[in-house]
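S.K.: Listed below, chain by chain, are the residues.
Number of protein chains: 2
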Amino acid sequence: MHTSIATVCLSGTLEEKLRAAARAGYDGVEIFEQDLVVSPDSPEAIADLARELGISLDLYQPFRDLEGVDKAQFQKNLTRAETKFRLMARLGIDTILLCSNVGTATMTDDGVVVEQLRRLGDLADSYGVNIAYEALAWGRFVSEYDHAWDLVKAADHPRIGTCLDSFHILSRNTDLSRIAEIPGEKIFFLQLADAPALTMDVLSWSRHHRVFPGEGAWDLSDFLTRIAATGYAGPVSLEVFNDSFRQGDTNRTAVDGLRSLRWLEASIADTIAAPTGSASAAEPAGPSTALDLQPLPEVEEPRGINYVELSTDDLGALTRQMHQLGFQFIGFHRSKPHVQLWLRGEARIIVSEVTDGVGTGADAGGTSSTSADEAGTTSAPVNGTFLRGIGFEVTDSRSAMERAALLHADEVPRDQAHNDEVLRGVFAPDGSEVFFHQFEKATPAWIQEFGHDHDEQVSHIDHVNLAQPSNHYDEAVLFYTSLLALHAEPSQDVPSPSGLVRSQVMSSTDGSVRMPLNVSPQPHAEAVAGRGIGSVVEAYPEHVAVACEDIFHAAATALSRGLDFLPVPQNYYEDLDSRFDLAPEFLQQLQENHILYDRDEHGQFLHFYTSTIGSVFFEMIERRGDYRGFGAPDAPVRLAAQHRKNAQLSAQNAQMSGQQG
Amino acid sequence: MHTSIATVCLSGTLEEKLRAAARAGYDGVEIFEQDLVVSPDSPEAIADLARELGISLDLYQPFRDLEGVDKAQFQKNLTRAETKFRLMARLGIDTILLCSNVGTATMTDDGVVVEQLRRLGDLADSYGVNIAYEALAWGRFVSEYDHAWDLVKAADHPRIGTCLDSFHILSRNTDLSRIAEIPGEKIFFLQLADAPALTMDVLSWSRHHRVFPGEGAWDLSDFLTRIAATGYAGPVSLEVFNDSFRQGDTNRTAVDGLRSLRWLEASIADTIAAPTGSASAAEPAGPSTALDLQPLPEVEEPRGINYVELSTDDLGALTRQMHQLGFQFIGFHRSKPHVQLWLRGEARIIVSEVTDGVGTGADAGGTSSTSADEAGTTSAPVNGTFLRGIGFEVTDSRSAMERAALLHADEVPRDQAHNDEVLRGVFAPDGSEVFFHQFEKATPAWIQEFGHDHDEQVSHIDHVNLAQPSNHYDEAVLFYTSLLALHAEPSQDVPSPSGLVRSQVMSSTDGSVRMPLNVSPQPHAEAVAGRGIGSVVEAYPEHVAVACEDIFHAAATALSRGLDFLPVPQNYYEDLDSRFDLAPEFLQQLQENHILYDRDEHGQFLHFYTSTIGSVFFEMIERRGDYRGFGAPDAPVRLAAQHRKNAQLSAQNAQMSGQQG
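From first to last, the protein sequence lines stand for chains A and B. Under the UniProt record's numbering, the residue at position 235 of the first sequence is numbered 235, and the numbers go up by one with no gaps. Under the UniProt record's numbering, the residue at position 480 of the second sequence is numbered 480, and the numbers go up by one with no gaps.
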C-alpha cells in the first residue's frame with residue numbers, strides 16, 4: 001500500500017515536514033499549497049529534496065471554487081488553474097485536488113459543471129495534469145461523494161477523476177454502497193481521516209477535530225475495504241486537520257499517522273485477496289485489491305497484567321506502603337541488585353530503586369539506564385517515584401513484539417543476563433514501558449529470578465490508572481488498540497478542584513486488562529520531565545488498583561500497620577447514605593475503614609486509597625457481584641483529598657523554606 | 001443588586017471558593033452539592049465560614065430527577081429530598097434548585113408533575129425550604145422556561161417558584177416574551193451565563209463553554225432587563241461551567257465574574273428606574289426594578305492610541321530599529337532618567353530601559369518598580385524587550401479610571417514627580433498596562449516632559465497586536481469591552497508552523513483603536529514570566545503597526561539604514577501574482593522592498609515587518625482606499641518566517657553552547 005500524508009497534518013516548515021514523512025517511512029506526501037507559499041525553498045528545490053529523501057509528491061492541493069460559475073468567472077478560474085499547472089510541473093506533481101465550489105458557485109445546473117470540468121480537463125491534458133474532484137461536506141451545490149462521481153462520470157474525460165475523503169463522506173452519513181459503482185481507475189486520490197463522535201457544525205469538526213484512523217469513532221476498515229474492492233491502486237493518504245497534531249512534534253505525529261495506516265492496512269489485509277490472474281475490470285471483482293496490502297503479525301487481546309514496575313528514589317516509603325497493603329517481599333533480582341519483587345497473590349510489583357537519577361540495570365520489566373527515540377532525543381533518567389512500565393500477558397510475545405516494531409513503536413533498550421527470561425518491550429506514548437510477557441498458566445518463569453516464595457493470598461492487579469499528556473491522548477488510544485488489541489470505552493469527565501479530568505478506559509473484552517487513561521486538566525510548567533521519549537508527565541498521580549477478597553480485612557491489616565489512608569470526608573458518608581440507603585452498621589464500618597462505596601445494577605464496589613508517594617498511589621478494591629466500573633462517583637472525592645494534601649504540603653514547604661531563608 | 005456565584009464556577013476547595021467570592025466582593029454564593037460532599041468541613045463549619053466572611057449562602061443545588069415518576073419512585077424521591085432539606089437547615093440555606101427531570105421521568109402528563117410539585121412543596125414547607133424549579137435545556141419532558149412556569153403556576157404553592165437560567169433559555173432560542181408573565185416573587189432564583197455562538201450539542205456547550213456575561217455572543221442586558229421588569233428582587237447569580245475557569249486561579253476567576261455582573265448591572269441601570277412609590281404588583285410595572293441597580297461612570301470609546309510603551313534591556317538594538325523605521329529621538333524624560341520618547345508623526349513610542357531586571361522609574365505610561373495585585377501576588381520586574389503598556393485617549397480619563405476601579409481592575413502603582421502630568425492606569429488580564437489619557441486635540445501635555453520637538457511626518461499607530469494567554473482570553477475580551485467600550489470582532493484562526501493562532505480584533509467603531517488579540521497555540525513551559533500580575537506571556541511576539549503615507553519611501557529609508565527586514569519568500573510573490581494579477585513592475589517593487597500585499601473590495605494594504613527583538617517587532621503599513629483588515633492572508637507568511645528565524649537562533653545557540661561545553 002502506497003502510504004502518503006498531507007503536509008498540513010504536521011507542524012513545522014515544509015522542509016521539516018518532508019523530512020519527518022521520509023524518516024517515518026511514508027512513500028509520499030501531498031503538498032498543501034499554503035506550506036509551499038510560506039517556504040523560502042523554490043518548487044524545484046522541494047522536488048529535489050523529495051527525490052533525495054526517496055518520497056514521492058503525490059498531490060498538490062487544494063484548488064478551490066472553480067466550477068458552477070458564469071463564463072467570465074470561469075475564464076479567470078482557468079487562468080488561475082493554469083498557473084497552478086505550471087507550478088506543479090516545477091514540482092513534478094501530476095495530480096491536483098479540486099474541491100467542490102464553496103464560495104462562488106451560482107449555477108445549480110449539473111450540465112454546466114460537467115461542461116466546465118471537461119474544459120478544465122482539456123487544459124489539464126496539455127500540462128499532463130490529472131484532476132481529482134472532491135465533494136466537500138459543506139460544498140455549496142456539490143457535497144456528496146456520489147454527486148461528485150456522477151459529475152465526473154458525465155464529464156467522461158481521461159484527465160478528470162474523483163477524490164474520496166473519508167471525512168467528507170462519513171461525516172454526512174452518506175450511504176456508502178455507491179462507492180462500488182466507481183471504477184478504481186477513476187478514483188484519482190484517496191484521503192483518510194477518522195473523527196470522534198461530536199455533534200457540532202461539520203466545518204469546525206473537520207478543521208479542528210480530525211484524527212488518524214483508529215483514533216476516532218468511524219469504521220475505516222469498512223471504508224477502505226470498499227475502496228480496495230473498486231480496484232483503486234493509488235496512494236492511501238492521511239489528511240487530518242487537528243489542533244494538537246499541528247502543534248505537536250513533527251516526527252512524532254508522522255509516526256503516529258503511519259502507525260494508523262499500517263494498522264488499518266493489516267486489519268483488512270487478511271480478508272481481501274490480491275487479484276487472481278488477470279480478471280477483467282468488467283467482471284465483478286469480489287474481495288480482491290490492487291492495493292498491495294501487507295499484513296502484520298496477529299495479536300490477541302492480553303490475558304492480564306503480569307506485573308507493574310515502579311521506579312523509586314524513596315525505597316523505604318514505597319515498600320513500607322506495600323507492606324501495609326499486604327504485599328510480601330519476595331527477593332532481589334539475582335543479577336540486578338537494585339530490583340526487588342513484591343507479591344500479593346497474583347498481583348506482582350517490581351520495585352526498581354534509582355539513586356540520584358541513575359537507573360540501575362534492567363529487571364523483568366526491562367529497566368534500562370537510558371533510552372533514545374528514533375528522533376534522537378535522549379531522556380535522562382529521573383528521580384521520584386513513578387510508574388515505569390507494565391508487563392502484559394500475551395499469547396505470543398514474539399509476534400507481539402514483531403508487530404509492535406512494524407507499528408513503529410520504539411523498543412526499550414535492555415541489558416539482560418544470558419540466563420534471564422527474555423523479555424522485550426516498547427515505549428508507550430506517555431513514555432512508560434510496555435512489555436510483552438508470554439502467557440502461561442503456571443507462575444511466570446521470570447519470578448524464579450527473584451527466588452519465588454509461595455503466596456496464599458487471592459489478589460491480583462485489577463487495573464492501572466495512567467496519566468496522559470493531553471496532546472498525545474489520541475496517539476495513546478491508537479497505540480493500545482493497534483499493539484495490544486485493547487478497546488477504548490467512551491470517555492467521561494471527572495470534576496476535580498483544578499478542573500475536569502478526562503478519563504477513558506482501555507480494556508480487554510473480558511476485563512482482565514483495564515487501564516483508565518486520564519488527562520489532567522492543566523499542563524503544569526513545573527511538570528516532572530522524563531519517563532522515556534521526550535514525554536512530559538503531568539502532575540497528576542497514577543495508581544495501581546489491587547483486587548482483594550476481603551476489603552475490610554485488608555483495611556484492618558493496613559490500619560494495624562499504620563497505613564496513611566487518603567482521608568474520606570464525613571460529608572461523603574452522609575451523601576452515600578442519602579444515595580443508597582445503607583444499613584447504619586455497614587455505613588459505619590465503611591467510614592471506620594476509610595472505604596468508599598459504589599453500586600450499580602450488577603454489583604458493588606468497595607475501595608480505599610493510600611496517600612501518594614512521588615506520583616504513585618495504590619487503591620485496594622473488592623468487587624462484589626458483577627460490578628464492572630471503577631467507582632467513578634468517588635473519583636472527585638479522591639481528587640479533592642489529593643488536592644488538599646498537595647496544598648498542605650506546598651504550604652509546609654513554603655513555611656520551611658521561609659524558616660530557613 | 002445582590003451578586004452571587006455558584007461554587008462550581010471556581011477551582012479549588014469549597015473553603016477556597018468561599019474565600020475567593022468574599023474577597024472579590026460578591027454578596028453570596030450558591031453551594032454546589034459536589035463541592036460540599038468532597039469537603040472535610042461540616043455543613044455547620046461552612047455556614048460559620050460564610051458568616052465570618054460576610055457572604056450569604058443563597059442556594060443549594062442541584063436536586064435532580066424528582067418529578068414525572070411513578071408513585072413508588074416519587075416516594076423515594078421525597079425521602080431523598082428530605083435528607084437535603086435537613087442538610088440545608090444545617091447550612092442555613094432556604095432555597096434549593098430543582099432541575100427538570102432528565103433521567104427518570106416516565107409521565108408526560110403535566111397534571112402529575114403539578115401534583116408532585118405541590119407535594120414536594122408541602123414537605124418543603126415543614127422545613128421552611130423554597131423550591132426553585134428550572135427547565136434544563138435537555139430536560140426529558142420539561143425543557144422550556146415557560147413550560148416550567150406553567151407548571152409552577154398550576155402548582156400554586158407558596159414554596160414552589162421557578163429558577164430562570166439564561167443559558168437554558170437562550171441556548172434554545174425560546175421566545176422571551178412570556179418572562180413578562182411571571183410575577184417577580186415567583187422567580188425564586190436567577191442564574192446568568194453567556195456563551196459563544198457554537199453549533200454543537202447543547203449539553204457539551206453548556207458543560208464546557210459557558211462564559212461570564214459579556215464574554216459570549218448573547219444579549220444579557222436585554223435578558224436581565226426583562227427579569228428586572230418582573231419585580232424580581234433576589235440574587236443575580238453566575239452559573240458558568242467552563243473548562244478554563246475551573247482550572248484557573250480561583251481569585252482571578254471570581255474577580256472576572258464579578259466584573260461581568262457589575263458591567264451588566266450598569267449597562268441597564270440607566271434605562272431602568274427604581275420603583276416609584278408603592279406601586280402595587282397588579283399594576284403594569286413599566287421599566288422599574290427592585291434589583292437596586294448601581295450605575296458605573298460612563299465611558300466612551302477611546303479616540304485613539306496615544307502611545308505605546310516598550311520596556312527593553314537592549315536599548316541599542318531597539319532604538320536602532322526604531323531609527324531605521326523613521327522614528328525620531330525626542331528626548332529623555334526630565335525626571336525619569338531611563339525613559340525616552342521617540343516619535344514618528346503621531347506615532348509615539350516610549351522606551352523604558354530596564355537593567356538587570358530593575359525597572360527604573362515611571363514614565364508617561366506609568367512604569368513602576370514593582371506591582372502587586374489584590375491577591376497579594378507580586379511580580380518581579382523582568383528582563384527582555386516587551387510591550388509594557390498602551391495609553392488610550394479617552395474623553396474623560398478621571399471617570400474612566402473610576403469606572404476601571406469599580407470594575408475591579410488593579411491600578412498600576414506609579415511614582416510621579418509633582419509637576420508631571422497625572423496619568424493613571426490599570427493592569428490588563430495579560431499583565432500589560434492600560435493607561436487612560438485625556439483626549440486633547442493638541443500635542444499631549446506629557447510630551448513636554450521630554451522636551452518635545454516638532455515632527456513633520458504623517459504617521460500614527462495603526463494597531464497593536466497583543467499575545468494573550470489562552471486561559472485568560474475571555475477575561476481579556478470582557479476587560480476591554482467593559483473598561484474601554486471596545487467591540488470584539490469575530491475570531492479567526494491563522495495557520496502557523498506550530499499550530500493555529502486564534503486571532504480576534506478588539507476595536508472602536510471608527511477604527512481609531514484596533515487591537516488584534518492573539519492566542520498562541522502552545523503554552524511554552526519556558527515562557528517569559530512577568531509583565532505584571534502573575535501572567536505568563538507566551539513565546540508569541542507582539543507588535544506595533546505604524547501607519548505611514550508612503551510605504552515604499554519608508555522601506556527605502558529602512559533599507560538605507562540597514563533594517564533587518566523579515567524575509568518574504570519568492571513563492572509568496574508568485575502566489576500573489578496568481579491571486580491578484582498585478583503589474584510585473586509593481587510586483588517587483590513589492591518584492592525588492594520586502595513588502596507584502598493584500599486587497600479587498602474596499603482598498604489595498606501594503607506592509608512590511610521587522611525582525612523581532614525580545615518579544616516585540618514592528619510592522620510598517622500603508623492603507624490605500626478603505627481597506628479595513630490587517631493583511632490576514634499574509635500572517636502565515638510572517639509566522640513561518642519567524643518560526644524559521646527562531647529555529648536558526650536555537651540551532652546557533654545550541655552550537656555555541658556546544659563549543660563552549
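One or more of the hints may lead you astray.
Copies of one chain are not kept apart here, so a pair can be met inside one copy or by any two copies together.
[Unchecked claim] Below are the EDC-like pairs computed for lysine to aspartate or glutamate, each with C-alpha atoms no more than 20 Å apart in a straight line:
hint, residue 1, residue 2
1, K645, E15
2, K84, D577
3, K71, D581
4, K76, D65
5, K441, E346
6, K76, D577
7, K186, D156
It should be emphasised that the hints constitute simulated quantities derived from the structure, not laboratory data.
S.K.: None of the hints should be skipped; say for each whether it holds.
M.R.: Going down the list of hints, with the structure as the test:
1. When the C-alpha separation of K645 and E15 is checked against a cutoff of 20 Å, the pair qualifies only between copies, where the shortest distance is 14 Å, while the shortest distance within a copy is 48 Å.
2. In the homo-oligomer, the alpha carbons of K84 and D577 lie at most 20 Å apart only across protomers (11 Å), although the nearest pairing inside one protomer, at 71 Å, exceeds that limit.
3. In the homo-oligomer, the alpha carbons of K71 and D581 lie at most 20 Å apart only across protomers (18 Å), although the nearest pairing inside one protomer, at 77 Å, exceeds that limit.
4. With identical chains, the CA atoms of K76 and D65 are at most 20 Å apart within one copy only, with a shortest distance of 11 Å there and 62 Å across copies.
5. Taking the shortest Cα distances, K441 and E346 sit within 20 Å of each other inside one copy (12 Å), while across copies they are farther apart (84 Å).
6. With identical chains, the CA atoms of K76 and D577 are at most 20 Å apart between copies only, with a shortest distance of 13 Å across copies and 74 Å within one.
7. For a Cα distance limit of 20 Å, the shortest separation of K186 from D156 inside one copy, 10 Å, qualifies, whereas the shortest one across copies, 70 Å, does not.
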